[in-house]
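Undergrad: From just these sequences and the hints, can you work out the full model?
There are 2 protein chains.
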Amino acid sequence: MDQKRRISSEYEQELLQVRRKLVVMAERVQKMTLKAVRALVERESELAAEVILDDREVNREEVETDELCMLILARRQPVASDLRFVTIAMKMVTDVERVGDLAVNIAERAISLNGAPPLRPFVDIPRMADLTVEMLNKSVTAFLEQDTVLAEQVIAMDDQVDELYHKVFRDVLEIMHQQPETVRRGIDLQSVAKFLERMADHVTNLAELVIYMVRGKDVRHIGKRD
Amino acid sequence: MDQKRRISSEYEQELLQVRRKLVVMAERVQKMTLKAVRALVERESELAAEVILDDREVNREEVETDELCMLILARRQPVASDLRFVTIAMKMVTDVERVGDLAVNIAERAISLNGAPPLRPFVDIPRMADLTVEMLNKSVTAFLEQDTVLAEQVIAMDDQVDELYHKVFRDVLEIMHQQPETVRRGIDLQSVAKFLERMADHVTNLAELVIYMVRGKDVRHIGKRD
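Top line first, the protein sequences correspond to chains B and E.
Numbered by the working numbering, the letters in the first sequence go through residues 372 to 597 in order.
Numbered by the working numbering, the letters in the second sequence go through residues 372 to 597 in order.
Please note that a few of the clues may not be correct.
Since copy identity is lost for identical chains, a pair holds within one copy or between any two.
[Stated by the list, open to error] Pairs of lysine to aspartate or glutamate residues, derived as DMTMM-like cross-links and limited to a Cα-Cα distance of at most 20 Å, are as follows:
id: 1; residue 1: Lys402; residue 2: Asp425
id: 2; residue 1: Lys538; residue 2: Asp559
id: 3; residue 1: Lys462; residue 2: Glu435
id: 4; residue 1: Lys462; residue 2: Glu438
id: 5; residue 1: Lys375; residue 2: Glu428
id: 6; residue 1: Lys565; residue 2: Asp533
id: 7; residue 1: Lys565; residue 2: Asp472
id: 8; residue 1: Lys509; residue 2: Asp529
Read the hints as simulated data drawn from the structure, not as lab findings.
TA: Next up, the structure:
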């Protein structure tokens, strides 16, 4: 292989590595999210403790991915779509890492809630978690396959998560009104729903970044402008 | 001026423009934060409506700053500290923009709370806002003057905001326990405190990014690793 081709192939490998790191991080935070909600529903605080440990990996991967991206920008000086890919990857890791932080927040609330009698059967919270994980899954596929249609589906799904959040919020509020002794637990449950709703917001950011990456057009804030 | 010097001076101007845009955005979200809390304390929903409008400017500025940074990366192919500056600026605008979103969230809760009788005199919430704005102010100075000591002060101040958040949370919980009819308003107030606490987290991210930019060393997650 001649020198030029060798360098180009190394460069391809580096871009591939960024892609792979993002996928690994995204898969990890999906598992953490499901585990944190299982810790709550099945009252298994040990699962929650695992989530808290898993987050160290996510934090490590965020720093590594950023460093790799900077190295590529410095060494390879990419332009056009490669440049967009690398800079957007740096923004994406931030959102993925914050999903991991939110899984930890849920795990912490699960530990607190597991120490008291269960407040109510959980129906909507696991649905929120399933939806959020599905959104994250679709975002990753959209990212890998440069699929803006899929990314737009993710953005649309965020409304379902918001609706479920408001439903949990109202249901729990009603219980707290009627049984003031449940206020502490009720607020913890509302927080869990809120954390899932924020996760879905971060995943929506990911989908918007995929669209931006593919089309070179910024769709962020378009909904907000209305 | 010869050709090379002209280009270099244009490049300097572009970097300066990124810097200026970040400062303008940061100042705007500081004002929005104070205005949103005043809307609550002085029960002036018109101020809250202003905050919601101001956020459009912040969103516009985020997109513009990102585009400018991408342009610089593509055209000038910066290396070393300039590269770090540009990529970190792209991360910083995300955090600043989210502080703006949180000011909007506070403004929305203020409008809701202003429609009901006041729950309690506000003492800790304005203190949280003042602290957060002071942190943001110091972060901007640290960024402009490459002052890592100041950035570390910002990181340390985050604990004070966290403490105040937990104080507001407990105080409001107590009121809700004793007067279940206040639960709705209590939760809105706790949310306002939570939004301020999240703002301070974003500002802490900014300070960590300043340290990373200056030292070329990543301090993110160091606290979390313990």
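Undergrad: List in ascending order the numbers of the hints, as given earlier, that are violated by the structure.
TA: Number 5 only.
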